[in-house]
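Novice: Chains as they are written, first to last, in the UniProt record's numbering: chain A, 1 to 394; chain B, 1 to 684.
Bear in mind the hints are in silico, worked out from the structure with no lab data behind them.
Using N, Cα and C, we set each Cβ at its ideal position, and we do this for glycine too.
Hints may be right or wrong, so weigh each one.
Looking from chain B toward chain A, a few residues come up when the C-beta cut is under 7 Å (computed) [stated by the list, open to error]: (1) Leu368; (2) Ser372; (3) Pro589; (4) Ser656; (5) Leu665; (6) Pro666; (7) Ser668; (8) Val672.
Only some residues are given here: those of chain B computed to face chain A with a beta carbon under 10 Å [as the list claims (entries may be wrong)]: (9) Pro361; (10) Lys482; (11) Arg556.
Below, simulated SDA-like cross-link-like pairs (lysine to any residue); rule was C-alpha separation at most 25 Å, straight line [to be verified]: (12) A:Lys336 with B:Phe512; (13) A:Lys336 with B:Pro589; (14) A:Lys316 with B:Phe512; (15) A:Lys336 with B:Ser652; (16) B:Lys535 with B:Ala380; (17) A:Lys336 with B:Gln230; (18) A:Lys141 with A:Lys182; (19) A:Lys147 with A:Cys127; (20) A:Lys316 with B:Ser652; (21) A:Lys336 with B:Ala380; (22) A:Lys336 with B:Arg484; (23) B:Lys473 with A:Lys316.
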Amino acid sequence: MWGRSASFLLDKRLRDQRPSLSSPSSSSPDSTMDPNPNPNHGVSAYYQTRAEHHAIVSSDWLAQAQAAVDGEGDTALMERPHASVAVSLSASKPFSVIDEFNYWRKKPDLAEAVAAIMALAAVIRSCEATTMMELEIELKKASDTLKSWDTTSISLSAGCDLFMRYVTRTSAVEYEDFHAAKLRLIERGEKFGEISMKARRTIAMLGQDFIFDGCTILVHGFSRVVLEVLKLAASNRKLFRIFCTEGRPDKTGLRLSKELAALGVPVKLLIDSAVAYAMDEVDMVFVGADGVVESGGIINMMGTYQTALVAHSMNKPVYVAAESYKFARLYPLDQKDLEPALHPIDFGVPIPSGVEVETSARDYTPPQYLTLLFTDLGVLTPSVVSDELIQLYL
Amino acid sequence: MDMRRPPRTVSDPKVRQVGFVTPSVAPPTRSLSDAPTTVAAAAAALSASSPPSGEISLPGSSLSPVMIPPPRHASSDGRPSAPVAVPNPASSLRRDSLRIRVGSYNASEVVLGTPPSASPSSRTDYTASEFSEEAMSPWHGRSGTAKVASSFPGSSSEMIVMKTGVVGGGGAGSTPKSPLTTASVVKTLPGISEKEREVLMGTQNDGAGASKTLKEKTTKAERRALQEAQRAAKAAAKEAGAGVKPSAASGSAVAANTKQGKVVKPPPQKKDGPQIAPPSGTSEKKVVDRPPEKDRKKDVPAPRMQFDDKHRVEKAKRRAVVNQFEAKNRVELFRHLPQYIHGTQLPDLEGKFFQLDPMHPSVYKVGLQYLSGKISGGNARCIAMLLAFREAIRDYSTPPEKALVRDLTAKISSFVSFLIECRPLSISMGNAIKFLKNRIAKLPDAMSESEAKSSLQSDIDRFISEKIVIADKVIIRHAVTKIRDGDVLLTYGLSSVVEMILVYAHEVGKQFRVVIVDSRPKLEGQVLLHRLVAKGLNCTYTHINAISYIMHEVTRVFLGAASVLSNGTVYSRVGTACVAMVANAFRVPVLICCEAYKFHERVQLDSICSNELGDPDAISKVSGRKDLNHLDNWADNENLQLLNLSYDATPSDYVSMIITDYGMLPPSSVPVIVREYRRENLWI
Chain A
1 MWGRSASFLL DKRLRDQRPS LSSPSSSSPD STMDPNPNPN HGVSAYYQTR
51 AEHHAIVSSD WLAQAQAAVD GEGDTALMER PHASVAVSLS ASKPFSVIDE
101 FNYWRKKPDL AEAVAAIMAL AAVIRSCEAT TMMELEIELK KASDTLKSWD
151 TTSISLSAGC DLFMRYVTRT SAVEYEDFHA AKLRLIERGE KFGEISMKAR
201 RTIAMLGQDF IFDGCTILVH GFSRVVLEVL KLAASNRKLF RIFCTEGRPD
251 KTGLRLSKEL AALGVPVKLL IDSAVAYAMD EVDMVFVGAD GVVESGGIIN
301 MMGTYQTALV AHSMNKPVYV AAESYKFARL YPLDQKDLEP ALHPIDFGVP
351 IPSGVEVETS ARDYTPPQYL TLLFTDLGVL TPSVVSDELI QLYL
Chain B
1 MDMRRPPRTV SDPKVRQVGF VTPSVAPPTR SLSDAPTTVA AAAAALSASS
51 PPSGEISLPG SSLSPVMIPP PRHASSDGRP SAPVAVPNPA SSLRRDSLRI
101 RVGSYNASEV VLGTPPSASP SSRTDYTASE FSEEAMSPWH GRSGTAKVAS
151 SFPGSSSEMI VMKTGVVGGG GAGSTPKSPL TTASVVKTLP GISEKEREVL
201 MGTQNDGAGA SKTLKEKTTK AERRALQEAQ RAAKAAAKEA GAGVKPSAAS
251 GSAVAANTKQ GKVVKPPPQK KDGPQIAPPS GTSEKKVVDR PPEKDRKKDV
301 PAPRMQFDDK HRVEKAKRRA VVNQFEAKNR VELFRHLPQY IHGTQLPDLE
351 GKFFQLDPMH PSVYKVGLQY LSGKISGGNA RCIAMLLAFR EAIRDYSTPP
401 EKALVRDLTA KISSFVSFLI ECRPLSISMG NAIKFLKNRI AKLPDAMSES
451 EAKSSLQSDI DRFISEKIVI ADKVIIRHAV TKIRDGDVLL TYGLSSVVEM
501 ILVYAHEVGK QFRVVIVDSR PKLEGQVLLH RLVAKGLNCT YTHINAISYI
551 MHEVTRVFLG AASVLSNGTV YSRVGTACVA MVANAFRVPV LICCEAYKFH
601 ERVQLDSICS NELGDPDAIS KVSGRKDLNH LDNWADNENL QLLNLSYDAT
651 PSDYVSMIIT DYGMLPPSSV PVIVREYRRE NLWI
């Protein structure tokens, strides 16, 4: 297929253009409010956040995580007003979504999208608008700000969009009294936040049924949802074995294996290129997702596609655990059809001059290679994703 | 996360119903679709049956649409005379249908004096006057006119018989005790003797033909036969003992019969079904099945007119306005589709204008344009039709002592059947007609005529602008996001939406190249090529023969569609499937651009059942090549058949994405759109 060389050149051109394209767009919203210094250069903000959250596990992190898991909904909701008060007290400067978002984002157990959802809920609360329209515009502005904060994160923008749909598509508009309507919106916003927070536990409940005694599971990448599923299965005394891929470049597999070993689950580490070698022994493949797209495919860490391809060719089921706020109205046709999220790779040795490095951090896995999706809406086949999105957006 | 479907939050999240959920109604069964299963029995019965009378020999009346038509010897001459058939042992299908009529329709035909038409399955065709349901069935629409004009002497009585037939047949589909199920039982029982089968066949046929008028008309011999059969059944039931419930109707009788062995053979020409089917079965059927039957009639699309069914073709021809000559030497597999010699009917039809008084001139004009091929393409045809109807509605005035709602519907129906005669409807047109009829039916009674007319006209305008014009704009907006700089886009034939997409993308400043793939005989791609080159796009033109060569350099394939069916199958200009398959093999994404009003809930697995045949001469003659004259007198050669198909079905596996006015969807989501928005689409 020599004809493909055209697209190869195209990639290069795109890559060259990107800085010039992205910098105006990211700085334009309001540079004063943007705490994210370089949203697109070198490394995607999404992966920065993940790196922060996923750094080597310390005991205090575990304690914190434990606390968050135990009292997730309640403590979060109790803390929240305090936080917004703190924000509004600490400086009389106007309320900033980004501050709020960063506050939530700092919590290691909260997904970025949930943080955004909580931040948006806070926007409604602190909004001084006096009409519905004004409120909606304000909300829209806030969500746009959040989205532009990190254009590479699919779940962030999907979460914002879903929140907007969920909150604004109510009968609240019919309320005559604005305050009543606003209260209703706040209520819905918080409800949505709560649902999103509980999503992981729901998925764990649904997903652990698929793990049977004596099975071997291949896990690619570090996903908190997948970990939750495995944790629950382990705590239900299921006996299973995990194969962890190494997860270059950020070694996510190492981290996952550490967590699982702590739970007493037998783990074996593989290098990423050993997937096909090990697939014979594997009974099922578990992956998380950065985003679930309209075709029912997933966007996930680099290497998911090849893992799924190998599994598919050996007739092993591929299960995806993903919260429903990751459902995005995107429809990539191929790998190049994605907004690339870049991630620098450390090869340990200096790279020879003139050699290019593929730094994209994620790939797209088409739906035909996935078996089932575990979501908080239930266990779905890939084709239902589009159904859900249609229900939601149209 | 959902606001649309509140009940779902209540339900268990693990169990979710996706796709079509029919509320407890049994899946629609065509009443005689399992007829072929009884072929063996029919063959046995035939030898014992009374000598075939004239009407019996009419072939193939109960063919279900997918059946392979009977061999050519009977119909190859194209003249639908009804030859007295010495039943061909090879064509079991025909024998089957024949047998059925022996059992069920002899009496009714004698009594009512209706022309011997068909078995119940094909008769249902006439009840379902909503032919827009059956968009592609060309003759079907005459029902409207038939009703209005009542030119058909036996039509009303025929209706009655047909209704009872439907009751019997329809009941058979759902209740296990009904006679038709016995037919399938027969098939499953391995050791049953031929004669017993015959008995069963008798019960089946009688059930289907049961009508009150028939009851009194039994002759003595028949009564005796009946009694004997009953006795046999009773004895069989006894022998079967406690294991089989005696009230289990014919089903149990069948089981018993197998054990008993030889049963008294009733003369096959008995006509009095109701009694022979055990009484509980019949009565129950009558009581229980009436209400669902009504629903079913609405739900189940009537079987399409099968053009290998000579009798019905003949009948339809008598009513036809347009005299079209059927083409000779039709291809076996496609004999159920209408095919005409083109070009002969136009002057004839033009001359007939003043005889067709109810036809509005604008409709007439559109019909002629369809006929001559001046208007083609799904959207263009649909818009032309709607505008013609709009004009007709504007000029319409309700005749005295008639209701606008009914009269106008009938009028539209007659227009539509005229258009069908000119060219079979497209699915888009069918949907638009359904929309219009819905609007007419939904007119409030209190509305005055002028108000109603203006409201209908504005509805039509709205349909055109919302469902076609604006939908196209939305599709263009979506599609452009999938075009990147440096892309090589391939398109096939001429699709109005794809053309708009390409032009818009060029206007927006995307840098891309277009490959236009074309095919004989229409060469529509040249039109597209001409327009795009005039706009300054960089184009490559090739024929479909070179598709595998050119696909190497292509990065996206954009295709239009005549319709998208609910299993994701794309129904489009013939050749589309080929392009999509090659693209899929080369891992090039295939994007189908189609407005949502063209979606249809039907499922189609191949391009055979429903299609359109073009002029065979178009493929035999190559313009500008006088030396290629090998096929000049092809029609004289019995062994040569030419096939010029118009459409084909692309399986959803080859489609990466469908771009509609509801966004970009995977083909698996078509049923979702159909389910969620169909009502909205048609009723607005």
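Novice: Does each hint hold? Answer for all of them.
Specialist: Evaluated hints:
At its closest, the beta carbon of B:Leu368 sits 40 Å from a beta carbon of chain A; the interface hint therefore is violated under the 7 Å criterion. With a cut of 7 Å, the hint placing B:Ser372 at the interface with chain A is violated, because the nearest CB-to-CB distance is about 40 Å. Taking 7 Å as the C-beta contact cut-off toward chain A, the hint placing B:Pro589 at the interface holds, the least distance being around 4 Å. The beta carbon of B:Ser656 comes within 6 Å of a beta carbon in chain A, closer than 7 Å, and the hint placing it at the interface holds.
Satisfaction of the interface hint for B:Leu665 is found here, the shortest Cβ-Cβ separation to chain A being roughly 6 Å, below the 7 Å cut-off. Here the hint on B:Pro666 is kept, as its CB sits about 5 Å from the closest CB of chain A, short of 7 Å. A cut of 7 Å between beta carbons decides the hint on B:Ser668: the least distance to chain A is about 4 Å, and the hint holds. The restraint placing B:Val672 at the interface with chain A holds, with a minimum CB-CB distance near 5 Å, inside the 7 Å limit.
For B:Pro361, the interface hint is violated, the least distance from its beta-carbon to any beta-carbon of chain A being 41 Å, above 10 Å. Restraint check, B:Lys482 versus chain A: the minimum CB separation of about 6 Å is within 10 Å; hint holds. Hint status for B:Arg556 relative to chain A: holds, with the closest Cβ pair at about 7 Å, below 10 Å. The straight-line distance between the Cα atoms of A:Lys336 and B:Phe512 is roughly 16 Å, inside the 25 Å bound, and the hint therefore holds.
Under the criterion of a C-alpha separation no larger than 25 Å, the hint pairing A:Lys336 with B:Pro589 is consistent with the structure, at around 12 Å. For the hint pairing A:Lys316 with B:Phe512, the CA-to-CA distance comes to about 40 Å; that exceeds 25 Å, so the pair is violated. Of the pairs offered as hints, the one joining A:Lys336 and B:Ser652 holds, with about 23 Å between alpha carbons and a cut-off of 25 Å not exceeded. The straight-line distance between the Cα atoms of B:Lys535 and B:Ala380 is roughly 22 Å, inside the 25 Å bound, and the hint therefore holds.
This hinted pair does not check out: A:Lys336 and B:Gln230 have alpha carbons roughly 75 Å apart, beyond 25 Å. Of the supplied pair hints, the one linking A:Lys141 and A:Lys182 holds, its CA atoms being roughly 17 Å apart against a limit of 25 Å. The straight-line distance between the Cα atoms of A:Lys147 and A:Cys127 is roughly 19 Å, inside the 25 Å bound, and the hint therefore holds. Proposed proximity of A:Lys316 and B:Ser652 is supported: the alpha carbons are some 24 Å apart, at most 25 Å.
At roughly 36 Å between alpha-carbon atoms, A:Lys336 and B:Ala380 are farther apart than 25 Å, so this suggested pair is violated. Straight-line distance between C-alpha atoms of A:Lys336 and B:Arg484 comes to about 10 Å, which keeps the hinted pair within the 25 Å bound. About 43 Å separates the Cα atoms of B:Lys473 and A:Lys316, which puts this hinted pair outside 25 Å; it is violated.
The structure does not agree with the numbered hints 1, 2, 9, 14, 17, 21 and 23 stated previously, though it agrees with the rest.
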